[in-house]
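Asker: Chain order of the listed sequences is A and D.
Sequence positions in the first sequence follow my numbering and run 479 to 618.
Sequence positions in the second sequence follow my numbering and run 174 to 374.
One should not assume that every hint holds.
What the hints assert, rightly or not - What follows is a set of in silico ranges between Cβ atoms, one per label pair, in the way DEER data are often shown:
no.	chain 1	residue 1	chain 2	residue 2	range
1	D	293	A	513	40 to 46 Å
2	A	549	D	289	50 to 56 Å
3	A	538	D	293	49 to 55 Å
4	A	480	D	306	56 to 62 Å
5	D	269	A	516	43 to 49 Å
6	A	481	D	292	27 to 33 Å
7	D	206	A	581	37 to 43 Å
8	D	317	A	588	37 to 43 Å
To be verified - The calculated lysine-lysine pairs, modelled on DSSO-like cross-linking and capped at a C-alpha distance of 27 Å, are:
no.	chain 1	residue 1	chain 2	residue 2
9	A	536	D	322
10	D	196	D	322
11	A	557	D	322
Hints in this document: simulated from the structure, not taken from any laboratory.
The structure presented is a predicted model; accordingly, all values stated were derived computationally and were not measured.
We put the beta carbon where it would ideally sit given N, CA and C, even for glycine.
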Amino acid sequence: MAASPVNQLNAHISNMLATGLLDEHFTALRRLQDAESPDFVDGLVTNFLNDGDRIFGKLAQLLERPFVDLDVVSNHLMKLKGSSASVGARHVRLACIQLLQLTSQQKNRDEWISTLARGRAAFDEVRREFQTMVQLERQI
Amino acid sequence: MAAVATETPFHVLAVDDSVLDRKLIERLLKTSSFQVTTVDSGSKALEFLGLLPDDEDSPVSVHADQLEVAVNLIITDYCMPGMTGYDLLKKIKESSSLRDIPVVIMSSENIPSRINRCLEEGADEFFLKPVRLSDMSKLKPHILKSKCKEHYHQEQHEQGDSKSNEGSNPTNNSSRDSSNSRKRKAADQETLPQAIRSRHS
Numbered sequence: 479m480a481a482s483p484v485n486q487l488n489a490h491i492s493n494m495l496a497t498g499l500l501d502e503h504f505t506a507l508r509r510l511q512d513a514e515s516p517d518f519v520d521g522l523v524t525n526f527l528n529d530g531d532r533i534f535g536k537l538a539q540l541l542e543r544p545f546v547d548l549d550v551v552s553n554h555l556m557k558l559k560g561s562s563a564s565v566g567a568r569h570v571r572l573a574c575i576q577l578l579q580l581t582s583q584q585k586n587r588d589e590w591i592s593t594l595a596r597g598r599a600a601f602d603e604v605r606r607e608f609q610t611m612v613q614l615e616r617q618i
Numbered sequence: 174m175a176a177v178a179t180e181t182p183f184h185v186l187a188v189d190d191s192v193l194d195r196k197l198i199e200r201l202l203k204t205s206s207f208q209v210t211t212v213d214s215g216s217k218a219l220e221f222l223g224l225l226p227d228d229e230d231s232p233v234s235v236h237a238d239q240l241e242v243a244v245n246l247i248i249t250d251y252c253m254p255g256m257t258g259y260d261l262l263k264k265i266k267e268s269s270s271l272r273d274i275p276v277v278i279m280s281s282e283n284i285p286s287r288i289n290r291c292l293e294e295g296a297d298e299f300f301l302k303p304v305r306l307s308d309m310s311k312l313k314p315h316i317l318k319s320k321c322k323e324h325y326h327q328e329q330h331e332q333g334d335s336k337s338n339e340g341s342n343p344t345n346n347s348s349r350d351s352s353n354s355r356k357r358k359a360a361d362q363e364t365l366p367q368a369i370r371s372r373h374s
């Protein structure tokens, strides 16, 4: 027996919450959405995904340089940390915190690159799940 | 004794360089029945409030079309490029026409020294990001408190100034237009309508 589109959507979001991909801030955002602002959550998700794409791209470029400007790196990470916190993207927020910790330690490039790769993977995962969410919304 | 007018919602100016956070704060404020204007920088906020970068408080610097815009509270992000939320707070508190507007600072960082610095500079409240719906209920008390202070000062002013008082019903002195909002400092106060008058003669 196929679940209704609404049930499928809710199950999907519940799963994202249960796995820690999302936290209660995302739930709070859904509660703020109403008939007057039906695209509110999707709009924020789009902003977050754009921020993530842009910032992970910039971080990869910055880390390729012979001299890495850690202030610039920090600023980007702070920005992405803020976006992920506001939208409730927990794994990405934690990844940013991990990367920010590296800026205050004497870490070599390899450590940076592997930590960044893990952060990027977390971002890619939540992006996939958000895309599935949007597809499920469209079926309603 | 003027009753606080409630037919028009309070107007909040929200300042944040992040488009995501601007959308969020706008939704939170609208859900809480505030009228909202959002800007993406401190300098745009000052422009909206009628303060130009160079001539603070100079009467000629205020735009005529902004005279009726009343801002009841300003909520601003701390970390912004260029003018930070702290810089903006300072400029507001240094302005005789704006200093009574309550200011709330938002920040994603829980740094006690930063919080204290803002509160010492005159911020009324400090919100940790992400801001929640429950935080919105903390805003109205600050607005009402500043309006009470404002009304008290206005009454004092009117009592000491009774001859030039138009004598109109004080309830016409809409609290929306009182000095809680940015006001024009008129060169000639006697000819101003009663709603807009400078507290500083």
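Asker: With 37 to 43 Å as the target window, see if residue 206 of chain D and residue 581 of chain A comply at their CB atoms.
Answerer: holds, 42 Å
Asker: If you check the beta carbons of residue 549 of chain A and residue 289 of chain D, does the distance land in 50 to 56 Å?
Answerer: Since residue 549 of chain A and residue 289 of chain D have Cβ atoms about 25 Å apart, the given range 50 to 56 Å is violated.
Asker: Could you grab the alpha-carbon distance between residue 536 of chain A and residue 322 of chain D and see if it respects the 27 Å cut-off?
Answerer: violated, 50 Å
Asker: Going straight from one Cα to the other, do residue 196 of chain D and residue 322 of chain D come out at no more than 27 Å?
Answerer: Roughly 32 Å between the alpha carbons, so the hint for residue 196 of chain D and residue 322 of chain D is violated.
Asker: Does the Cβ-Cβ separation between residue 293 of chain D and residue 513 of chain A fall within 40 to 46 Å?
Answerer: Given about 44 Å between the Cβ atoms, the range holds.
Asker: With 27 to 33 Å as the target window, see if residue 481 of chain A and residue 292 of chain D comply at their CB atoms.
Answerer: violated, 51 Å
Asker: Between residue 480 of chain A and residue 306 of chain D, does the beta-carbon spacing fit 56 to 62 Å?
Answerer: violated, 35 Å
Asker: Should the hint that residue 317 of chain D and residue 588 of chain A are 37 to 43 Å apart at their CB atoms be regarded as holding?
Answerer: violated, 57 Å
Asker: Is 49 to 55 Å respected by the C-beta to C-beta distance linking residue 538 of chain A and residue 293 of chain D?
Answerer: violated, 41 Å
Asker: For the range 43 to 49 Å, tell me whether the beta carbons of residue 269 of chain D and residue 516 of chain A fit it or not.
Answerer: holds, 44 Å
Asker: Take a quick look at whether residue 557 of chain A and residue 322 of chain D sit within 27 Å of each other, Cα to Cα.
Answerer: violated, 38 Å
Of the numbered hints given earlier, the model fails hints 2, 3, 4, 6, 8, 9, 10, 11; all others are met.
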